[in-house]
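S.K.: Okay, here's what each chain looks like letter by letter:
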Amino acid sequence: MNILLDGLLVLSNHWHIVVGVLLILLLGYGAVSPVLKAISKDNLTAAEHFSFSIGGCLLPVSLGTLFIFSQGVFHRTGMSIFIVLTIMSLGAFLLHYRMKKTPVQGPKLPLLALISIFFVSIFFRLTFVSKAIVPLYFDSAEHYRIIQNLLEVYKSSESIFRSSLPVSRYYHLGFHLLAAVLTAAVQGDVKDTILILGQIILAIIPIPIFFIIRHETKSDNAGLLAVLLASFGWYMPAYAVNWGKYPALTSLVVIQFVSSIAYIAFQYRNGPSKQWGLFAILGLGIFISSLIHTRSAIIIGIAFASWIAAKWWCNSPKSIRSLILCLMLGGMLIGVIFVQSSDILKAVFDPYIRNGFLFTSIILLLSPFAFKAFPHMALSSTLAIFFLLSSLFVPVVRLLPGYGYLTLLDRPFVEMILYFPLSLLGGLGYAGLEQYLLDTQQKRGNFYKGVRILANSSLLGLILLNAFVNYNFYPSDCCKIVSYDDLVAFDWIDKNLPLDSRILVSTTELRVLASNVSEGYVGADAGIWIPSLANRQTFGLPDTLDFGQQSTFDMLCKYEITYIYVGGTKQSFDDSQLRNHPDWYQTVLFLPKARVYEIICIP
Amino acid sequence: MKQKRFAIGIAIFVALTIMGVWGYKVFINANSKPAHPSPTGSQPVLDITYCGADPSGLCVVSCGVETEGGMLVNFITPGLSFPDFYLKIRWHGNEIVYECQRVEGFPTSISCVGEQIPLGETIELEVFSKTEDHLIAKGSLVISSLALPTPITVSTTKISPTPPSQATPTATAVNSYPSYP
Chain Z
1 MNILLDGLLV LSNHWHIVVG VLLILLLGYG AVSPVLKAIS KDNLTAAEHF SFSIGGCLLP
61 VSLGTLFIFS QGVFHRTGMS IFIVLTIMSL GAFLLHYRMK KTPVQGPKLP LLALISIFFV
121 SIFFRLTFVS KAIVPLYFDS AEHYRIIQNL LEVYKSSESI FRSSLPVSRY YHLGFHLLAA
181 VLTAAVQGDV KDTILILGQI ILAIIPIPIF FIIRHETKSD NAGLLAVLLA SFGWYMPAYA
241 VNWGKYPALT SLVVIQFVSS IAYIAFQYRN GPSKQWGLFA ILGLGIFISS LIHTRSAIII
301 GIAFASWIAA KWWCNSPKSI RSLILCLMLG GMLIGVIFVQ SSDILKAVFD PYIRNGFLFT
361 SIILLLSPFA FKAFPHMALS STLAIFFLLS SLFVPVVRLL PGYGYLTLLD RPFVEMILYF
421 PLSLLGGLGY AGLEQYLLDT QQKRGNFYKG VRILANSSLL GLILLNAFVN YNFYPSDCCK
481 IVSYDDLVAF DWIDKNLPLD SRILVSTTEL RVLASNVSEG YVGADAGIWI PSLANRQTFG
541 LPDTLDFGQQ STFDMLCKYE ITYIYVGGTK QSFDDSQLRN HPDWYQTVLF LPKARVYEII
601 CIP
Chain E
604 MKQKRFAIGI AIFVALTIMG VWGYKVFINA NSKPAHPSPT GSQPVLDITY CGADPSGLCV
664 VSCGVETEGG MLVNFITPGL SFPDFYLKIR WHGNEIVYEC QRVEGFPTSI SCVGEQIPLG
724 ETIELEVFSK TEDHLIAKGS LVISSLALPT PITVSTTKIS PTPPSQATPT ATAVNSYPSY
784 P
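Chains Z and E supply the protein sequences, listed in that same order. Numbering follows this note's numbering, with no gaps: position 238 of the first sequence is 238. Numbering follows this note's numbering, with no gaps: position 49 of the second sequence is 652.
Because the hints were derived from the structure by calculation, they are not lab data. Heads up, some of the hints might be wrong.
Stated by the list, open to error - The calculated lysine-lysine pairs, modelled on DSBU-like cross-linking and capped at a C-alpha distance of 30 Å, are: (1) Lys131/Z to Lys733/E; (2) Lys495/Z to Lys741/E; (3) Lys733/E to Lys495/Z; (4) Lys691/E to Lys131/Z; (5) Lys131/Z to Lys741/E; (6) Lys691/E to Lys495/Z; (7) Lys41/Z to Lys218/Z.
With the hints as constraints, model all of the structure from the sequences given.
M.R.: Structure, rendered in structure tokens:
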């Protein structure tokens, strides 16, 4: 019952942001939908078309965002994105109107089911916002700061090309521009807009999977099963909002759209279809997804490589196909063992084995049916899992300026994206089972019809039951680094400390690579939010710093650090050391979960 | 005939878009006006308690102290429309008024500042609406979290600090807490 009340509370408090974001996405849908309809020559069912188009709705929105930010001629207002998207939708509508149309095909029930899943999912996911003070974890503080900065550029109506980028080392420009434009359009607060946009993105992510599965298998049930698996089968990808992985989550929508477009291009490769249009949208999709999150280019590359390799396998002589399959499965097993043996990487399986064993094992049981009925796509999905895990070990040294040792993908990204190939496998496996039971029914009678209906309803029922019983829609305690005490402390700092204060905050090492190499230091508690919410400069030092040492005190004085902030996480500074030296560190604000100490340096 | 349908289609599309955007903007403007319903005498007075793990209603998050010896009492309100208020604390026959302000950017979080009261004391709190001076909520609490702590000796691992030449310095210690837990 609480979940319903919390959902309603968020809707009543932030309805204008929810409606505004949905309206913008709807206009994006309106712009991309007629184009896709024209390209697919109306060969899709209503549900397929909805699923395909909703995956592409971010393309016109992102293009509109880029256009608005790049031009410095017109004065920008909150309405700018609405105007640009309306013009785009109108253009697309005119294009489609001039073409020969056929009536919408297929039953309407799957479309209704998809729309229901989408809106119900939005409602339940919004409950997350009711318990989040600010977007979670340290990444979010950085997103907030950059979006706030871009919002000022937006308000100045100056071209982004004439402005300096918010930070030198950063690669999520597409997401930050999008969030800044949405914030301006809905006239909302940056933190609320990020939180709500994130939850709406989570509701969109599973929908495009329906298109690929339905188009490949011609089974609406299989498509819906894949959508439900991606929505509520595992706690990923939704859990990534706890990590503030908003750009990565947003890129997932576009990655899936790019996969759908590439799939359609492959399907229509021999027909007189609008190939140039498909490739133009494909290129645009790759560009936009890379702009939103650079590493999505690698995911798209992996999907492409998997598809090609699977195609090659399908065309190979039967004798060597089994051998290659065995080699691949063996390689995958070795990969799993390697990942499990690494302390840093083994968490990659947590959502799928430790906590999501039920659905992963169902998919494993269904996979023989997937390989039998849809070998190309089933193998592509399996290869994608193998390549994703392998990418954790492929070093990339000095490819990006400012970065040292990296791997193709890091653990959190792989952990959050494994749901995609697994959901595809689940959908294919289910469709394979359905086909098998249908064939058996035709051969052996109506008993198998009952088995088919039972399999169908029990699988869908199991996922829904899991969603209502086990699924956690609320923020995880793991990643809440800001408490209400911190908010009061920020307000107090803003009103009471000198503007030129230099505040020391706690940091911790970021370790997400197989090599266990530290990628640098990141904020460890709410102190990371001080520049954004209290407008004071901060400096980071490791949370293990010993404040009892004379050398520490001398160093802080030497670098003119004037205050120390101690938040309420496990990785905050140990303030018992500060309290033991009242001659060096004086308490100026004391709250149970937030303290500020002044450093008493002798000039 | 075809041209007529085309024109009607365009007109409907444009009208719907304009109505949608206009309606949305109207609602935004309506929503941006502050709504502070004033409680009347007939409305029940709310109970003030410490906030639990899942705060609901008007509750006290924490008490604290600041530089000048003042005391902070921090509240969470049940919603954005909760009226602005001030706090009255009764303690040992004294009546102290605390000024309360919304935390900037977080309108459901409210901080009240006033005279300090020693740890462990039981206090009577009364919350009054600023606009109509009505009693909104009251309760009795023990000041438990407030403390300017006395020094405690804790044994710690000695680690050499790294000079903060940059905002994020080089590593000095390995932390066992996982990244992205």
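S.K.: Each hint needs a verdict: does it hold in this structure or not?
M.R.: Each hint, compared with the structure:
no.: 1; hint: Lys131/Z to Lys733/E; in the structure: holds (28 Å)
no.: 2; hint: Lys495/Z to Lys741/E; in the structure: holds (28 Å)
no.: 3; hint: Lys733/E to Lys495/Z; in the structure: holds (22 Å)
no.: 4; hint: Lys691/E to Lys131/Z; in the structure: holds (29 Å)
no.: 5; hint: Lys131/Z to Lys741/E; in the structure: holds (25 Å)
no.: 6; hint: Lys691/E to Lys495/Z; in the structure: holds (23 Å)
no.: 7; hint: Lys41/Z to Lys218/Z; in the structure: holds (17 Å)
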